[in-house]
Every structure is written in C-alpha cells, then in structure tokens.
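**Q** Given these sequences and hints, build the entire structure.
Here the protein sequences line up with chains A, B, C, D, E, F, G, H, I and J, keeping their order.
Just so we're aligned: the first sequence equals residues 1 to 165 in this note's numbering.
Just so we're aligned: the second sequence equals residues 1 to 165 in this note's numbering.
Just so we're aligned: the third sequence equals residues 1 to 165 in this note's numbering.
Just so we're aligned: the fourth sequence equals residues 1 to 165 in this note's numbering.
Just so we're aligned: the fifth sequence equals residues 1 to 165 in this note's numbering.
Just so we're aligned: the sixth sequence equals residues 1 to 165 in this note's numbering.
Just so we're aligned: the seventh sequence equals residues 1 to 165 in this note's numbering.
Just so we're aligned: the eighth sequence equals residues 1 to 165 in this note's numbering.
Just so we're aligned: the ninth sequence equals residues 1 to 165 in this note's numbering.
Just so we're aligned: the tenth sequence equals residues 1 to 165 in this note's numbering.
All clues stand as given, with none of them false.
Below, in silico cross-link-like pairs of lysine to aspartate or glutamate (EDC-like), each with a Cα-Cα straight-line distance of 16 Å or less:
1) 161/E <-> 163/H
2) 76/E <-> 11/E
3) 37/H <-> 11/H
4) 76/B <-> 99/A
5) 58/B <-> 35/C
6) 110/D <-> 29/D
It is worth saying that the hints were derived from the structure and are not from the lab.
Here the structure is a predicted model, which is why all the values come from computation and not from measurement.
Protein chains: 10
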Amino acid sequence: MAGRKEEELKDLTLLGNQGTKYLFEYSPEVLEVFENKHPDRDYFVKFNCPEFTSLCPKTGQPDFATIYISYIPDKKCVESKSLKLYLFSFRNHGDFHEDCVNIIMNDLIKVMEPRYIEVWGKFTPRGGISIDPYCNWGRPGTKYEKMAEYRLMNHDLYPEKVDNR
Amino acid sequence: MAGRKEEELKDLTLLGNQGTKYLFEYSPEVLEVFENKHPDRDYFVKFNCPEFTSLCPKTGQPDFATIYISYIPDKKCVESKSLKLYLFSFRNHGDFHEDCVNIIMNDLIKVMEPRYIEVWGKFTPRGGISIDPYCNWGRPGTKYEKMAEYRLMNHDLYPEKVDNR
Amino acid sequence: MAGRKEEELKDLTLLGNQGTKYLFEYSPEVLEVFENKHPDRDYFVKFNCPEFTSLCPKTGQPDFATIYISYIPDKKCVESKSLKLYLFSFRNHGDFHEDCVNIIMNDLIKVMEPRYIEVWGKFTPRGGISIDPYCNWGRPGTKYEKMAEYRLMNHDLYPEKVDNR
Amino acid sequence: MAGRKEEELKDLTLLGNQGTKYLFEYSPEVLEVFENKHPDRDYFVKFNCPEFTSLCPKTGQPDFATIYISYIPDKKCVESKSLKLYLFSFRNHGDFHEDCVNIIMNDLIKVMEPRYIEVWGKFTPRGGISIDPYCNWGRPGTKYEKMAEYRLMNHDLYPEKVDNR
Amino acid sequence: MAGRKEEELKDLTLLGNQGTKYLFEYSPEVLEVFENKHPDRDYFVKFNCPEFTSLCPKTGQPDFATIYISYIPDKKCVESKSLKLYLFSFRNHGDFHEDCVNIIMNDLIKVMEPRYIEVWGKFTPRGGISIDPYCNWGRPGTKYEKMAEYRLMNHDLYPEKVDNR
Amino acid sequence: MAGRKEEELKDLTLLGNQGTKYLFEYSPEVLEVFENKHPDRDYFVKFNCPEFTSLCPKTGQPDFATIYISYIPDKKCVESKSLKLYLFSFRNHGDFHEDCVNIIMNDLIKVMEPRYIEVWGKFTPRGGISIDPYCNWGRPGTKYEKMAEYRLMNHDLYPEKVDNR
Amino acid sequence: MAGRKEEELKDLTLLGNQGTKYLFEYSPEVLEVFENKHPDRDYFVKFNCPEFTSLCPKTGQPDFATIYISYIPDKKCVESKSLKLYLFSFRNHGDFHEDCVNIIMNDLIKVMEPRYIEVWGKFTPRGGISIDPYCNWGRPGTKYEKMAEYRLMNHDLYPEKVDNR
Amino acid sequence: MAGRKEEELKDLTLLGNQGTKYLFEYSPEVLEVFENKHPDRDYFVKFNCPEFTSLCPKTGQPDFATIYISYIPDKKCVESKSLKLYLFSFRNHGDFHEDCVNIIMNDLIKVMEPRYIEVWGKFTPRGGISIDPYCNWGRPGTKYEKMAEYRLMNHDLYPEKVDNR
Amino acid sequence: MAGRKEEELKDLTLLGNQGTKYLFEYSPEVLEVFENKHPDRDYFVKFNCPEFTSLCPKTGQPDFATIYISYIPDKKCVESKSLKLYLFSFRNHGDFHEDCVNIIMNDLIKVMEPRYIEVWGKFTPRGGISIDPYCNWGRPGTKYEKMAEYRLMNHDLYPEKVDNR
Amino acid sequence: MAGRKEEELKDLTLLGNQGTKYLFEYSPEVLEVFENKHPDRDYFVKFNCPEFTSLCPKTGQPDFATIYISYIPDKKCVESKSLKLYLFSFRNHGDFHEDCVNIIMNDLIKVMEPRYIEVWGKFTPRGGISIDPYCNWGRPGTKYEKMAEYRLMNHDLYPEKVDNR
Ligand SMILES: [Ca+2]
Ligand SMILES: [Ca+2]
Ligand SMILES: [Ca+2]
Ligand SMILES: [Ca+2]
Ligand SMILES: [Ca+2]
Ligand SMILES: [Ca+2]
Ligand SMILES: [Ca+2]
Ligand SMILES: [Ca+2]
Ligand SMILES: [Ca+2]
Ligand SMILES: [Ca+2]
Ligand SMILES: [Ca+2]
Ligand SMILES: [Ca+2]
Ligand SMILES: [Ca+2]
Ligand SMILES: [Ca+2]
Ligand SMILES: [Ca+2]
Ligand SMILES: [Ca+2]
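**A** What follows is the structure, given as structure tokens:
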C-alpha cells in the first residue's frame with residue numbers, strides 16, 4: 001500500500017502552496033475537492049473550525065463563531081485548506097448567524113454533492129445572548145433525506161452549559 | 001451574494017438602536033421578528049441566555065437562571081436584541097420557575113408561529129435545591145407535534161452534575 | 001399578565017415561613033403541593049438535591065448523596081421548600097441506598113399523582129465502591145407507562161467518570 | 001416506615017464485620033445477596049468501582065481499571081461489601097482485560113439471577129494503548145434479552161477523550 | 001478458575017517480548033490475534049490510541065491523532081501490543097486523514113473477521129481546522145450490518161468543543 | 001460546648017426572619033454584624049456571591065457578575081443574609097463595574113472595621129469584552145496595610161480562561 | 001522493613017473495629033492519635049473531608065461543607081477513623097460556619113500538639129451566597145508561627161469559580 | 001450615593017452610541033478614557049478579550065487570540081467600548097504576535113498613563129505550535145516598576161495544558 | 001549528536017528486558033540508576049505514578065494512591081522501569097499512608113543521592129476521608145536544604161477539590 | 001504604524017515557504033531568528049508544542065510529549081516555523097526524556113542568546129509512569145541567573161492531576 005499518489009493530488013492547487021492569497025469577501029469559488037477513495041462505504045468526515053468571523057449586517061460589528069461541519073461523502077471530499085480559505089472569505093462579509101450556516105451548507109452541497117451534510121455554528125454573545133444555528137441536509141429521495149430528518153429530531157437534547165465566561 | 005440587505009432589516013427597530021429603553025416589568029410586546037430566508041428547510045436556532053433574573057412570587061426574593069431556547073422557524077425568526085429586552089422585562093416580575101418557562105414559550109409561539117420550540121430554565125438553588133423546568137411544543141396536527149412528544153420522552157436522561165458550588 | 005397571585009399561594013404553609021421546624025425522622029406528611037397551571041401540556045420539572053444524608057441501617061454510619069428528581073406534573077406540583085424538609089427528614093433514618101430512592105419516588109407519586117416520575121441517587125463511596133440506584137414510574141395503562149419503560153431501557157449508557165476523589 | 005429491619009439484614013455476614021479477611025485469589029464464593037424489596041418494579045442499581053487491579057496473564061505485570069456494573073434486580077441484590085471483597089480477589093489473578101469483565105458478569109448472573117446486567121472495564125494504558133471491554137446480558141426469552149441487544153447497539157457512541165495523562 | 005493458560009498464549013509472539021522491533025513503514029502483517037473465549041456473547045472491546053502519527057501525503061509534514069477503535073469480536077481478538085506496532089508503522093507513511101481510518105478498519109476486518117467494527121480518528125489542526133473521520137462496518141447480510149447503519153445515523157450528534165488550545 | 005447561644009444572636013434581625021423585605025435601591029444601612037468569637041486569631045472568611053446584578057449608568061442595561069469577598073475580621077463579622085440583601089440592593093442602581101467593587105468594599109470596611117478585606121468582581125461580557133475589577137485594603141499603619149500591598153502585587157498572575165461561552 | 005507493627009497500633013481502638021458507635025453530638029473526646037515515626041522531618045498530612053454536616057444555630061437548618069485539614073505533625077498523628085467520628089459528631093450541633101472551622105482546629109491542636117495546622121471549610125450556599133472560612137496556627141515562638149502568618153498572607157489569591165450549580 | 005452622574009460620562013462618545021463605526025485598520029486614536037474615582041487606592045482592572053484577530057505580516061493569513069489586559073489606574077480608566085473598537089482595528093493589520101502585545105501595551109500606557117499594566121496574548125496554533133507573548137510595565141522610578149519586575153519573575157510558572165483541540 | 005549510546009545504557013538491566021519479574025513484597029534493592037549527563041545544571045525530573053497500591057497495616061484492606069515524585073538530580077537519575085518495579089513491590093506490603101511516602105523518599109535518597117527531592121501521595125478515601133501526605137528533603141548544609149524548607153512553607157495553598165466521586 | 005515590513009522579514013526563509021522540507025534526524029541548524037523590536041523591555045514569549053515525538057534510545061519505541069518553551073528575548077526571537085521544523089527533527093532520534101529537554105534548551109540558547117529560558121516536557125506514560133523533566137537558564141552573572149534559580153525553587157508546587165486516561 002502506498003497512500004495517496006502525486007497524481008491523485010494534482011488537482012489540489014492550494015495545499016502546500018506558498019503564494020496563498022487570502023480573500024476576505026465571500027468567495028465560494030475557492031472551494032476545491034478531491035476524489036473519495038472509499039465510495040462503497042458510508043462514513044463521516046467532520047471539520048472543527050474555531051476561527052470563523054464575519055460582520056453583523058446591520059451594525060458592521062465583527063462576530064465570532066466555531067463552525068462544526070460533518071458530512072458523508074459521495075464521489076468527492078472537500079480539501080481542508082480550500083475550506084479554510086472559503087471560511088476566511090466571510091471575514092468582511094455581513095450576514096445574520098442564521099444565514100451564515102445555511103449559506104455554508106448550500107455551497108458545500110454544490111461543490112461536493114455529498115450524501116449527507118450538517119453545519120452547526122456556535123457564536124459568541126452580544127448583549128448577553130449567544131446564538132447557535134444548526135442545519136442539515138440529505139440527498140432528496142434517498143435514505144439520507146430520512147437521516148437528516150432523524151438527526152434534526154434528535155438534535156441537541158443536551159445544550160452545553162453556557163455562562164458567557 | 002450580498003447577505004441581508006438594508007431593506008430586509010428595516011422592520012428591526014431595536015438592533016443597533018442607540019436609545020434602547022430597558023423595561024423591567026413583563027413586556028411581551030417588545031418582541032420583534034424578521035423573515036426566515038430558508039423556509040424550505042427545517043433547521044434549529046438556539047439561544048443561550050445566562051442573564052435571566054425574576055422575583056419569587058411569594059417572598060419577592062430575586063431568582064437567577066440560565067434559559068436555553070431552541071426552535072425550528074417557519075416564516076419568522078425572533079430578533080435577538082428584542083429577545084434580550086423581553087427576558088430583561090422579567091426583572092421585577094414575580095412568578096414560579098415552572099410558570100416562567102411556560103410563559104416564555106407561549107409568548108414566542110405567539111410572535112413567531114414556529115414549527116417547533118422548546119425552553120429549558122436552569123435556576124440557582126434556594127435552600128440547597130435547584131429547579132430546572134423544561135417545556136416544548138410542536139405545531140398541532142403536524143409531524144412537529146410528534147417531534148415534541150419524542151423529544152420530551154428523551155429529555156435529560158443524563159442530568160448534569162450539580163453540587164451547588 | 002400578573003404571575004402567581006397571593007390567593008393561588010395560600011395553601012403553601014412553608015415557603016417564606018419564618019418558624020420552619022426541621023424534622024430529622026422520616027416524615028412524608030411534610031410534603032405540600034400547588035396547582036399546575038399548565039395541565040394541557042406535558043413538561044418536565046427537575047430538582048437537583050445535592051444535600052441528602054441518611055444512615056446505614058446496619059452500622060448507623062452517615063451516608064451522603066445527590067438526588068435528582070424529574071417528573072411530568074398532572075394536576076399538582078410539589079413545592080420545593082416542602083421537598084427540602086422531606087429530604088432532610090431522612091437525616092436520622094436508616095435504610096439501604098436502593099430502598100431510599102424507591103421510597104422517595106413512592107411518596108412523591110402519592111402526594112402529586114404525576115404523569116411520569118424518576119429518581120436517581122448518587123452516593124459517596126464506602127470501601128472504594130459507590131452505589132447509584134435509579135427508579136422510574138409512569139401512570140399505569142397510559143403512554144407514560146411506556147415512557148418509563150423506554151427511559152429505563154436507555155438509562156445511563158454513559159456512566160460518569162468516578163475516581164473517588 | 002422503619003427502613004431495613006435487623007431481621008432482614010441477618011444473612012449479611014460481611015457488612016459491619018470487624019474481622020474482614022481480604023482474599024487475593026479469585027473467590028466468587030465471597031459474594032452475598034439480600035432480598036430486593038421492590039420486585040414489582042424494574043429499576044437500575046449501578047456500582048462505580050475505581051479500585052480494581054489484576055495481573056497480566058503473560059507477563060505478571062499489575063493492571064488497573066475502573067469497573068462500572070449496572071443491573072436490574074429480580075429477587076436479589078448483591079451486597080456492596082461482598083462485591084468489594086470479590087473484586088479485591090482478582091488482585092493476584094492473571095487474565096486478559098476482555099476475560100475479566102466477562103467473568104465478573106458471569107459470576108454476578110449466577111449469584112443474583114438479575115433481569116439485566118452490564119459490566120464495563122476501563123483499564124490504564126500499556127504501550128500507549130488502553131483497553132475498555134464492555135459486556136451485557138438480559139434474561140433469555142424475556143424483554144430483557146432485547147434490552148441487552150438494544151443497549152449493545154447503542155453502546156459508547158461518544159468515546160470519552162483519552163490522552164494518557 | 002485459572003485465567004488464560006500459558007498454552008492459550010503461545011501464538012502471541014510480541015507480548016512481553018524483549019527484542020521488539022519497531023517498524024515505521026506501513027506493515028499490516030504485524031497484527032496478531034488470539035482466541036475469543038466468549039464467542040457465544042456479543043460484547044465490545046475498545047482501544048484508545050492517543051499516540052498516532054503519520055505524514056501528509058502532499059507536504060510530508062507530520063500529522064497527529066487520537067484513534068478510537070471499537071469492535072465486537074467473533075472468533076478472534078486483536079492483541080494490543082501488535083496493534084500498537086501496527087499503528088506505529090504509519091509513522092513515516094503519507095496519507096490523508098480520511099484514508100488512514102478507512103485503511104486501519106480494512107486491515108482489522110481482514111485479520112479479525114469481527115462481527116462489527118468502527119474507527120474514529122481525531123487529528124490536530126492545520127491552518128486552524130481539524131479533521132475527524134469516522135467509519136464503521138458490520139458483517140454483510142447479518143444484523144451487524146444494520147447495526148453499522150444505525151450507529152452511523154446516530155454518529156456524533158454532540159461534537160466535542162474544539163478551540164485549538 | 002454549645003455553639004452560638006440564642007443571646008449571642010439577638011442582634012441579628014434578618015436571619016430566619018419571615019417578612020424579609022427586598023430593597024432594589026442601593027441600601028448600605030441593611031448590613032448587620034455579629035461578634036467575632038476568635039479575635040485573638042487572624043483568619044479569613046470568604047463569601048462567594050454569583051447572583052449580583054446592577055445597571056449600566058449610561059445605558060440602563062442590566063449587568064451581571066460574581067462577587068468574591070474575603071476578609072480578616074477584627075471585632076465584628078458581617079452576617080450573610082444581610083450581605084445578601086445589601087448586594088440585592090444594587091439591582092436597580094447604575095454604576096460602572098470599577099465603582100461597584102470599590103463601593104462594596106468601602107461599605108464593608110465601615111460596618112465591620114476589619115483588619116483586611118478584598119473584593120473581586122467578575123462581570124459578563126458586553127461587546128465581547130468582560131471586566132474584572134479587584135480592590136483590597138489593610139488597616140492603615142498596621143501589618144495588614146503591607147498585606148494589602150503584597151496581595152495586590154501578587155494578584156491574578158494566572159488569569160482564568162475566558163472564551164465568552 | 002516491615003511497616004507498622006501490631007504493637008505500634010495497639011492504642012488505636014477504632015480502626016477496623018466492628019461495633020463503631022456514631023455520635024451525633026459534638027464529641028471532641030473521640031479523637032485518637034498514633035506515634036509519628038518521622039519526627040526528625042517536617043512534612044504535611046492533608047485530610048479531604050467532603051461529608052461534613054452541621055446545623056444552623058439560629059434556624060436549625062442543616063448545613064453542608066467540605067473540610068480540608070493540613071498539618072505538620074510533631075510527636076503525634078491523628079488517626080483518620082477517629083477524625084471521621086469526630087467530624088460526624090457535628091451532625092446535630094448548631095454553630096456558625098466561622099465558628100466550626102475554628103473549633104475543629106482548636107480540638108486538633110489540643111489532641112495532636114502539631115507544629116503547624118490549617119483548616120478550610122467550603123460550605124454550600126444559603127440565599128445564593130456560600131461562606132468559606134479558613135484559619136491556621138503555628139506553634140507560638142517557633143518558625144511555625146511565622147509559617148502561619150506567611151500562609152495566611154498568601155491565602156486564596158485565586159478564589160475558585162463558584163456559580164451555585 | 002448616586003453612582004456615575006450624566007455629567008461624569010459626557011466625554012464618552014462611544015458607549016451607548018448608535019452609529020458606531022468599526023475601523024479595521026490600526027487606529028489607536030479611537031481609545032477613550034474616563035476619570036478614576038478611586039485614585040487614593042491601588043486596585044486592578046482586568047479586561048478579558050477573546051475576540052482578537054489580526055493578520056500574519058508575511059503570509060496575510062488571519063490569526064486569532066484571546067488578549068488579557070490588567071492595569072492599576074492612576075487618574076484615568078480606559079472605557080471598554082473604545083477598547084473594543086481599538087482591538088477590532090487590528091482586524092486587517094499585519095504584525096507578529098510578539099509585536100501585537102507590545103503595541104497594545106504601548107498605546108494603553110500613552111492614553112491612560114497607568115501606574116502598572118500587563119498584556120498577555122494567547123494565540124491559536126499554526127503548524128501545531130501556539131505562541132503566547134506576555135509583557136508588562138510599571139511607572140519608571142516608582143514601586144510599580146519593581147512590581148513589574150516581580151510579576152515578570154513570577155510569570156506563568158504553571159503553563160496551561162494545551163493539546164491543540 | 002547521537003543521543004544516549006548503547007554503552008551509556010549497559011547498566012540498565014530492566015529497561016526493554018523480556019523476563020521482567022514483578023515483586024510484590026517491599027524491595028528497595030530493585031531500584032537502578034543511570035548517569036546524569038547535565039550535572040552542571042539544576043533541573044527537575046517529575047514522575048507521575050497513578051498505579052500505586054498497598055495494604056492497610058491493621059485491616060489488610062488494599063489502599064490505592066497516585067504518587068508524585070520530583071527531584072533535582074546530582075550525579076545519578078533513577079531509571080523509570082526500575083522505579084515502576086519498586087512501587088509495585090508495595091503491592092502486598094502493609095503500612096500507613098504517612099509512612100509510605102516517607103519510606104519511598106528515603107529509598108530514593110539512598111540510591112540517587114539527589115540534591116533535592118519531594119514525594120506526594122494522594123490516596124482514595126476510606127470512610128469518606130482521603131489522606132494526602134507530602135514530604136520533601138534537601139541535601140543538609142546546602143542551598144537545597146533551604147529550598148526544601150521554602151517549598152514546604154508554600155506547599156498546597158490551594159487544595160484540589162475533592163468530593164469522593 | 002505599519003507592522004513588520006517586508007524588509008524586516010527577508011531573513012526568514014521558512015515562513016510561508018512552499019517547498020518546506022521536513023527533516024527527521026536531529027537538525028539544530030534549521031533554527032532561524034528574527035530581530036526583537038522591543039529590546040528595551042523584558043517580556044516573555046511562550047511556545048506550546050503538543051506534537052513532539054522522539055524514540056526511546058534503548059528500545060527504539062516512539063515517545064510522545066507536549067513541550068512548553070518560555071523565554072525572555074534579548075536581541076533575537078526564534079521564528080516559530082523553524083522551531084516547528086527543529087522539533088520535528090527529533091522524530092527518528094533516540095534519547096532519554098531528561099536529555100531531550102536539556103538539548104532543546106541548549107540549542108535555543110545558542111541560536112537566540114536569550115536573557116532567560118525554560119523548557120518543560122510532559123511525556124506520555126510507559127509502564128504506568130510518565131516523566132516530566134523541566135530545566136531553565138538565566139544569563140550567567142546577570143539578574144536572569146537569579147531569576148532562573150528563583151523559578152526553579154518555585155517550580156511545580158502543584159503537580160497536575162495525572163491518571164493515565
Ligand atoms: Ca456581549
Ligand atoms: Ca462557560
Ligand atoms: Ca440557597
Ligand atoms: Ca458543580
Ligand atoms: Ca472524580
Ligand atoms: Ca504504558
Ligand atoms: Ca486525560
Ligand atoms: Ca493551525
Ligand atoms: Ca480546547
Ligand atoms: Ca468558557
Ligand atoms: Ca459550579
Ligand atoms: Ca496548526
Ligand atoms: Ca485542549
Ligand atoms: Ca470509602
Ligand atoms: Ca471529584
Ligand atoms: Ca487525566
């Protein structure tokens with residue numbers, strides 16, 4: 001066994017690239033994918049992204065969040081450096097928390113066409129209240145659509161302890 | 001993509017407003033909503049609210065709690081600054097813990113007409129005992145009513161460790 | 001809206017009462033209830049009680065526990081100060097851990113006639129071993145009986161880490 | 001109500017006994033039981049046992065574990081001091097981790113004839129890897145057999161964080 | 001009862017062996033198994049492995065992870081020292097995180113032929129994002145295949161808090 | 001030995017008193033003291049007060065804090081129920097965080113005339129930043145004045161981890 | 001080397017004794033000591049005692065605390081089972097928190113005549129406030145008196161986080 | 001006593017101001033101060049700032065940190081909303097971690113002329129390593145200069161556990 | 001640079017040795033040392049040993065502890081596998097907790113002749129109380145003797161939270 | 001103000017460099033430094049490095065550690081990417097834990113000539129025991145030499161809790 005070969009990686013233009021350019025305006029086109037080598041199997045990939053920041057659409061004030069993304073790949077996996085650049089591109093973009101997680105999920109669905117995906121944002125508080133939106137999606141007409149419904153029904157029965165400190 | 005536009009936000013009178021007036025008597029009318037831009041999808045929004053305080057209806061002593069609110073929006077989302085003002089309006093209001101969480105949920109149902117909602121209050125102890133009421137609701141006659149029943153049946157199988165310190 | 005009125009609270013003889021008498025022999029008669037104002041809805045009330053102490057029936061040695069009580073009220077709720085006095089009444093009473101949680105649940109069923117109830121005791125160790133009994137109950141012949149069976153089947157799949165320190 | 005009476009406890013020869021003899025060779029005969037006073041009800045009893053030690057069958061090196069035991073009693077409960085002595089009797093006994101938890105469960109089934117039982121051992125690492133075997137059992141031909149299958153299927157979906165420190 | 005006998009252990013060439021040779025190139029042949037003495041029972045064995053390291057296939061940079069492996073044995077159990085050597089053999093091997101967990105599971109399926117198995121890798125972040133792939137497998141055509149599907153559907157509803165510190 | 005006698009407690013008008021009146025405007029006169037029975041010894045008394053709330057002097061918005069108070073008594077100790085009422089009296093009072101802790105300390109110095117005292121407030125964040133003022137005082141011209149200087153110099157070398165969640 | 005010999009232990013009447021009688025009225029006479037075998041060396045012994053309970057001297061309500069005791073022995077060490085019985089003897093005794101820790105320290109000074117000793121009580125809250133008194137003592141005219149002064153001056157610069165839950 | 005009066009707050013142009021403008025280029029001029037009302041006393045004010053972000057000066061990649069600022073005021077205190085705006089102004093500014101904390105301290109010294117100040121930055125990792133610079137300063141020629149030296153000598157003897165997760 | 005050479009390690013008979021014999025009676029002679037290659041520098045070596053077990057000298061009941069050992073080497077360092085075997089040799093040895101830590105320190109002083117050493121044992125509770133003895137030693141007549149006195153005076157000002165669970 | 005200029009960074013050959021080569025044999029020459037822009041001030045820089053791995057010099061088995069490095073710069077700071085490469089270069093290098101931390105400190109002294117430096121390694125256990133060596137150094141003949149002595153004397157008075165899980 002030899003691991004991923006040079007050839008399998010040739011479409012990844014960002015990983016290990018020196019001259020990375022960081023975009024701070026919403027740029028979904030930066031997302032890159034690579035081939036899933038285990039398509040005969042359902043399995044999960046999760047990204048933990050604690051360095052997300054965007055702007056409040058009304059006041060322009062910076063917002064901060066940790067974003068958790070989990071998906072079951074079909075033919076493609078999203079490459080993590082391109083995901084980093086994509087998330088950084090919200091830096092000077094203004095939108096509600098509820099909109100951000102839905103947009104992120106929509107863009108990942110478009111580029112990966114996964115079997116299942118979910119996105120959970122956990123934002124820091126403003127005025128003593130923090131907001132944590134969660135959305136998910138399963139390919140329509142498949143068992144993954146039912147999976148999405150099942151996971152939503154079971155979502156977050158145990159809210160984590162939050163005391164704003 | 002441009003995020004929420006100025007026009008979409010024009011009905012929000014409180015967010016970013018300088019002359020905010022803080023009401024300390026129960027004021028459900030202060031709640032404001034905005035349009036849900038993802039109504040084709042079921043997703044959760046959670047508010048973590050660790051700065052809730054009210055009064056004991058019998059002794060007048062202040063009570064303190066963290067309130068967790070989770071809902072699946074239909075056409076409307078509740079704006080978080082108005083939610084803050086609403087919760088602050090319990091400051092000089094006297095009621096039992098069990099009543100507070102039910103009232104909060106009733107008011108949010110009225111103003112948002114959500115698909116599903118739940119409210120969990122975790123109060124600080126009096127006399128060595130703390131009380132944590134939890135209520136939920138799904139729109140009658142829909143799958144969300146069953147969802148409420150399912151989530152109640154699975155509620156809090158793992159009570160958090162509490163030692164009053 | 002006005003919260004609980006003076007009149008609704010007139011049967012509560014203990015809450016806010018100056019001359020509280022603490023009983024240290026098993027006294028189930030001290031329990032008091034008040035009216036549930038939300039009987040059209042199933043919801044949970046949980047009590048966290050980390051100040052429980054009783055005696056070993058064989059050696060007379062004091063035992064200590066945290067007791068967690070959760071129930072779905074029907075017509076009545078148990079008042080928390082009377083619950084405190086009731087639990088304090090085990091102070092000089094001798095019984096096995098397994099018996100204590102069953103007795104507490106039996107007494108609360110009798111006084112509240114709830115739809116559903118569960119009691120979990122987590123005791124400190126003797127001889128390096130600690131004991132945590134858990135019992136529950138749903139009104140026979142109703143969906144709450146099935147709820148009790150379901151919650152027992154799902155009980156404590158993740159035992160908390162205990163190292164006796 | 002009077003708690004456990006002297007007479008009910010007369011078969012317990014170890015609890016409160018001064019001349020306790022500690023056996024360090026596998027001694028299942030030391031286990032003692034007492035009558036379950038609540039046989040009309042399914043309820044759980046859990047033992048947390050962080051002071052378990054045995055020997056590696058190949059190298060003779062001491063092994064250490066925390067053992068979690070949960071069961072639903074039928075007619076009998078195991079007395080905790082006798083359980084302590086039983087677990088101490090593995091002190092100079094050599095066996096694989098996988099075997100220890102199965103043997104403990106087998107012995108407890110024999111002496112208590114419970115409705116349901118499960119045993120989870122969490123051992124300290126050797127060579128950077130730790131092993132946590134888990135077994136369970138429900139009385140064959142009853143709903144408890146299905147309960148065992150259900151709990152196995154749901155076992156440990158959230159492995160605790162282990163970093164060997 | 002005497003525990004594992006010398007004879008039962010005679011095929012284990014690595015455990016307790018002085019001259020252990022550490023291989024740092026992918027070496028699945030190093031895995032050894034021993035007989036499962038409890039084949040009449042479904043039970044879980046979990047390995048916690050916080051000392052996993054491999055290389056990035058593109059940049060050659062070292063990666064670090066904690067690997068959690070859980071399985072239900074059939075006729076054979078994997079011996080933990082051989083598992084250690086196997087995992088150490090990824091030390092100078094380059095592969096994507098998503099590939100590593102799938103390869104580890106494939107190799108363990110081949111050598112143990114278990115009833116059920118799952119592998120979860122939790123890697124440290126690169127560029128602020130960490131990746132946690134999870135795969136599982138149940139023997140095709142048996143109830144364990146359904147178990148795999150069930151556990152995937154319920155996987156990681158509560159992502160652990162990650163803040164890169 | 002008999003503990004505190006009825007007579008020693010006769011000046012405490014609030015402890016155990018049924019008709020407690022809760023004042024929500026700054027009321028230092030509510031503080032009560034009792035005799036220190038161990039004046040020949042320097043010792044510390046600490047109060048943990050996680051239920052403090054006041055108003056922002058500019059915006060009127062409620063603020064929340066945990067207040068820690070530690071002192072070495074001289075002739076008098078402050079009674080804890082009167083301290084509770086005193087702290088509750090900031091409920092509708094507006095002042096900066098920096099002022100609140102200094103005022104609390106000044107009032108306690110006046111009523112107790114302690115040898116040494118310190119007050120630390122830990123507030124919840126506004127706009128992503130939380131403020132924790134700390135002041136202390138030792139009786140001028142005594143070793144306690146030097147103690148105050150020493151403790152200030154060693155104050156908070158290890159700021160607690162704060163992430164606003 | 002042979003460890004403590006039977007003869008060295010002959011004055012310990014409580015350790016391993018079957019007929020232990022638990023006293024619930026303040027009983028300092030129950031304390032027993034044994035010989036310190038390392039008197040040529042200053043070293044610390046600490047007792048962690050999380051099972052302390054007493055009564056409020058005014059209201060009779062039970063109080064609960066964890067008591068930490070640390071001392072440098074001179075000729076005698078206090079035996080831990082007798083310490084347990086002594087602490088249990090506060091069970092039906094009424095006193096202020098500030099008095100309890102001073103009394104415990106006084107009694108241990110009398111029976112052990114240690115070089116240095118300190119006692120810290122951490123009580124559960126009443127009315128939202130918890131009290132943690134701390135006292136210490138060094139033998140007058142020795143370096144241990146200075147040690148006491150030094151440790152008091154450095155006491156508790158980092159109050160633990162308390163949120164009453 | 002009346003708290004801060006309107007007049008005392010008239011120089012604060014940002015607190016409670018609706019039209020706050022967020023600057024994302026280094027803007028030390030945004031800092032505002034108010035009068036310290038307790039100048040006769042040395043006391044500490046600490047700011048916890050977990051929402052700091054800047055850019056790497058070489059690669060342009062966003063960096064994230066929690067900044068802890070502690071100071072002893074002299075005549076002036078820094079207003080927290082202006083501090084927020086100041087810290088946000090590093091958003092699109094590129095500098096090394098070591099430089100950022102020194103610059104922040106220099107700017108605060110200039111605007112407040114405090115007696116003592118310290119700044120500690122805790123950044124998220126890049127390439128598996130995180131950097132935490134800490135600087136402090138006491139007014140030259142005063143005891144605060146010695147205080148700075150003392151606190152540096154005692155700085156961070158207990159590095160927090162960091163595992164990049 | 002080549003690290004430790006084969007020759008430097010030739011006196012270590014236990015490390016990597018296959019036929020390790022585990023002794024369960026007190027065996028100080030098993031301790032082995034190797035040369036300190038950095039004798040021109042004072043530095044600390046700490047051993048964390050959470051797998052310590054011994055017997056109660058009076059009752060024979062097993063005791064369990066975590067032992068922390070820290071020392072500044074002079075010419076010799078103790079080899080960790082021999083330390084493991086030494087600590088395992090207390091397995092069937094009966095002694096008081098206070099004696100165990102003093103004996104361990106005495107034996108390590110004898111074999112290593114360190115500049116400074118300290119030993120802290122943290123035992124699991126019996127009868128609700130746990131005991132944590134701590135002793136230290138500096139070479140008489142050197143600055144290390146003063147170091148021992150200094151560290152004892154500063155020992156454990158912050159007792160860890162213990163709740164026996 | 002403009003932050004670090006391109007010119008100031010021109011000697012850093014590794015930061016942002018695409019073709020990074022990872023060396024796995026001890027390579028101190030890879031370390032690079034940049035100019036300290038704040039040489040008039042003593043301040044600390046700390047590196048948290050949880051991804052350190054080396055080999056046992058006797059058995060060849062991989063070891064794992066978290067390394068904490070803190071220093072006060074003089075004219076130069078070590079660049080963190082070069083530090084990463086340096087630490088990675090121990091990957092196939094065999095040495096004792098005690099030697100590794102001393103070597104790392106020696107190399108950093110040579111390349112940076114700092115005023116003060118300390119290195120703390122926290123390794124994972126072998127045979128149930130983990131080893132944490134700590135060394136430090138201050139420039140001879142300066143106050144930093146005394147600082148090193150002071151910090152060693154105060155080192156690790158509170159060993160972190162280690163239970164090997
Ligand atoms: Ca805020
Ligand atoms: Ca928190
Ligand atoms: Ca209370
Ligand atoms: Ca707690
Ligand atoms: Ca614990
Ligand atoms: Ca090991
Ligand atoms: Ca751990
Ligand atoms: Ca990173
Ligand atoms: Ca973390
Ligand atoms: Ca936090
Ligand atoms: Ca708490
Ligand atoms: Ca990284
Ligand atoms: Ca961490
Ligand atoms: Ca015990
Ligand atoms: Ca604990
Ligand atoms: Ca641990």
